[in-house]
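For the record, the sequence lines run as chains Z and E.
First residue of the first sequence? That's 1 in this note's numbering, and the numbers climb one at a time after it.
First residue of the second sequence? That's 1 in this note's numbering, and the numbers climb one at a time after it.
It should be emphasised that the hints constitute simulated quantities derived from the structure, not laboratory data.
Nothing false has been slipped in among the hints.
A few chain E residues facing chain Z, derived, Cβ under 7 Å:
1. Arg-3
2. Lys-11
3. Gln-91
4. Val-93
5. Asn-95
6. Ser-267
Just so you know, even glycine gets a beta-carbon here, dropped at the ideal spot from N, CA and C.
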Amino acid sequence: MDSDSVLTIRALTKNYGSLNALNKLALNVQKGNIYGLLGPNGSGKTTTLSIVMGILRQSSGHFYWFNQKPDHRSRLRIGSLIEEPIFYPYLTLNDNLKILARIKGIDDDQINHVLGSSGLLKRKYSRFKALSSGLKQRLAIGATLLGDPDVLVLDEPTKSLDPEGFSDLRAIIQQESQKGKTIILASHILDEVEKVCTHVGILKSGELVMEGKVEDILSGKQVVYITVENEDEARKALAQCPLIDKFELERSMEFRIMLHKNSKPAELNQYLFSQGVVVSRLIKQKNTLESEFLQLMK
Amino acid sequence: MPRLIQIENIKTFSSNTFRVIISLHLLFFVLVLLSISRVEVSLGEFSVSRLYQFPDVWEFFPWIASWFNILLAVLIIVLTCNEFRYNTFRQQVMNGLHEGHLLLGKIYIILVIAVYALLLVVVSGVVSGSLQAGPQSSLMDLSGFQHVGIYLLQTVAYMSMALLFAVLLRNNGLAIIIFILYLFPGEVILRNVIFPSVESYFPAKLISDLTPLPSMFTSSLAPLQGSGFQMGTTVQEGLTVAQSTGFAALYVVVFLGITYWVLRKRSI
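Let the sequences and hints guide you as you build the complete structure.
In structure tokens:
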């Protein structure tokens with residue numbers, strides 16, 4: 001195992017009866033990564049995070065935190081928010097964070113800092129159940145920082161947050177990353193992941209279908225859409241075109257074309273002109289995580 | 001361990017459930033004692049007032065207190081099932097607690113509640129015994145005080161059993177209903193119909209019989225049985241006190257052992 005490896009997952013499988021939620025999942029998160037775990041609903045993101053956080057038992061496979069077999073001591077080095085903010089509803093924010101401080105083995109001094117950074121210092125003695133869902137989420141995100149953990153595991157952390165909370169979260173993630181922390185972030189919001197993550201893993205039906213650096217994914221193959229006047233002629237020309245990786249008919253008279261890494265849309269236009277294909281419209285698609293994601297999910 | 005104690009103190013003593021059930025327990029116990037004390041019955045050597053005097057108070061008060069063990073068991077079920085309901089056990093495991101820590105925390109609460117129940121019996125016994133001290137009763141006679149110790153074991157045993165039901169079922173209503181149904185009629189059917197030969201060893205019966213009907217009832221009223229008088233309960237037959245307490249202690253270990261196994265084996 002790599003010495004910089006923070007989380008290593010090997011052949012992780014989780015079955016719920018006949019449903020295969022995770023199928024021999026393998027991934028690796030390195031120290032300092034902001035790792036975005038992407039996937040549609042039911043793809044296995046929360047299942048994966050629940051298993052590695054010790055609250056769900058896997059059917060088979062292994063995982064390692066900090067290159068060691070996981071135990072409660074490794075979880076002391078992780079701040080986590082999985083699915084929803086979890087606190088005692090009848091206790092004050094102060095008492096809830098005291099419990100967390102006792103578990104982490106730290107002084108109560110940090111509680112005020114966490115409440116302050118979450119904008120909840122004035123609500124220190126409010127009961128958790130009296131907070132709005134957005135404030136609960138803010139508290140939960142703040143609580144993950146208690147004890148200055150080495151790793152943050154955040155599952156859909158933007159849920160219930162207002163735009164300000166959204167922006168604060170992004171700032172927290174970047175700030176913690178600059179301190180050398182590792183962050184694992186599961187999210188649906190691809191734009192957000194694209195902005196903050198250094199690496200992504202895309203899950204589909206419990207399997208990892210893509211993993212890599214965000215910049216590599218975004219600087220990959222260019223996608224263009226062309227609208228032609230003669231579909232058959234265009235199809236013949238595209239089939240012999242050396243500039244493209246693959247193409248498909250998007251709708252009548254419109255093709256989606258994936259160019260080779262070094263090919264340019266203008267060269268394609270020139271090639272098609274030389275083949276007698278009249279292109280009435282050519283649109284370059286900005287390469288985004290969303291476009292890659294949607295393509296993978298097809 | 002000190003941090004586990006602090007964690008349990010914060011979450012338990014601020015809980016309304018805890019305050020309400022403990023208050024009810026205290027209230028019922030005191031009310032029942034006061035109500036019975038007003039009954040004037042005297043048959044042969046038996047008299048109600050003697051039950052409130054030393055040394056009989058040490059047998060009578062634990063017996064009365066044992067009627068309300070069900071409340072303490074329900075309290076443990078609610079406190080534990082709420083951890084599943086609020087998902088707080090999950091979060092505590094994610095934050096770095098081991099499943100064994102979760103169990104240790106609840107064992108601590110069981111002991112705290114058991115000590116409260118013990119103190120309730122001891123303090124009320126001392127007060128009653130002192131107030132009722134008559135010419136025939138000595139001041140602070142501690143003979144028979146072992147019944148109070150056995151009562152402590154009984155409360156721990158009931159609450160350990162309740163903890164197991166809570167961890168298995170994870171739902172307040174369901175766990176309380178199934179627990180009560182197990183006590184009656186579940187175990188009664190099992191031991192009388194299916195396994196009558198080992199009746200005395202069933203957990204609920206064995207634990208319940210740790211605080212039998214006070215000996216003054218049995219010795220004074222036994223002669224009346226032949227004349228149609230029926231006693232409400234009988235003293236545990238077949239097992240000595242030492243055997244009963246030994247088996248009850250063993251049951252506590254078994255209940256807690258299974259609880260730990262369930263916590264480790266199942267997803268939290």
